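Participant: Letter by letter, the chains look like this.
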Amino acid sequence: DGGITQSPKYLFRKEGQNVTLSCEQNLNHDAMYWYRQDPGQGLRLIYYSQIVNDFQKGDIAEGYSVSREKKESFPLTVTSAQKNPTAFYLCATRQGDGYTFGSGTRLTVV
Amino acid sequence: GDSVTQMEGPVTLSEEAFLTINCTYTATGYPSLFWYVQYPGEGLQLLLKATKADDKGSNKGFEATYRKETTSFHLEKGSVQVSDSAVYFCALKAQGGSEKLVFGKGTKLTVNP
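Sequences listed follow chains A and B, in order.
Per the numbering used here, residue 1 is the first one in the first sequence, and the count goes up by one each step.
Per the numbering used here, residue 1001 is the first one in the second sequence, and the count goes up by one each step.
What the hints contain is simulated information worked out from the structure, not anything from laboratory work.
Predicted, not measured: the structure shown is a model, and the values here were computed from it.
Take the hints with a grain of salt, since some may be wrong.
Below 27 angstroms or equal to it, Euclidean Cα-Cα: the simulated DSSO-like pairs (lysine-lysine) are [as the list claims (entries may be wrong)]:
no. : chain 1 : residue 1 : chain 2 : residue 2
1   : A       : K57       : B       : K1100
2   : A       : K83       : B       : K1060
3   : B       : K1060     : A       : K57
4   : A       : K9        : B       : K1108
Isolated chain A, as found in the complex (with noise of 0.2 angstroms):
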């Protein structure tokens, strides 16, 4: 079946820290998106990638960095100049007007 992997489900990262959350998509859609989601929020955009090796900011980018090195994989890393990255993560990609999202992973500091 077609769909979005996101891991790990959760995570646990000490301060001062960088993590990485994997996206594997096997859907052959050509973008990809990461959103935050914070409780009692709605998703906020992080980045986005329209094609291999292409990506753009979205509206909370500082202290997020991307790569799409491959059409099928999209990771997002977290560093230590995001002052408040814990969140849930949501991975998602889009074909037309459709927009697939993967299960999330929950990224907490300690």
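Start from chain A and add chain B according to the hints.
Facilitator: Only chain B this time, still in chain A's reference frame:
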């Protein structure tokens, strides 16, 4: 900029009650409108969508009509079930080449037996 406002929750209903979750939007032109549902600990699933004025999206007993005159896309269901308990998000994608889905803050629905 574009924005979505949806009614704040939480909403608690008894099984078989009627559900309405209000959603209004601000955007130029004719955005595409969506309702997503999120079950605990999971990602978002598309519930329904509408891409032009007066379109009605429907799925699993849920309905929403794209009202350009009131810039609204209210979600309704005639008889809710316990399994409908989840968080519901209204969202828009601006007309043209915008890449971004703009989300409301979400409404948590709890349905009691």
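Participant: Hint by hint, note whether the structure agrees.
Facilitator: Status of the hints after comparison with the structure:
no.	hint	verdict
1	K57(A) / K1100(B)	holds, 11 angstroms
2	K83(A) / K1060(B)	violated, 41 angstroms
3	K1060(B) / K57(A)	violated, 36 angstroms
4	K9(A) / K1108(B)	holds, 22 angstroms
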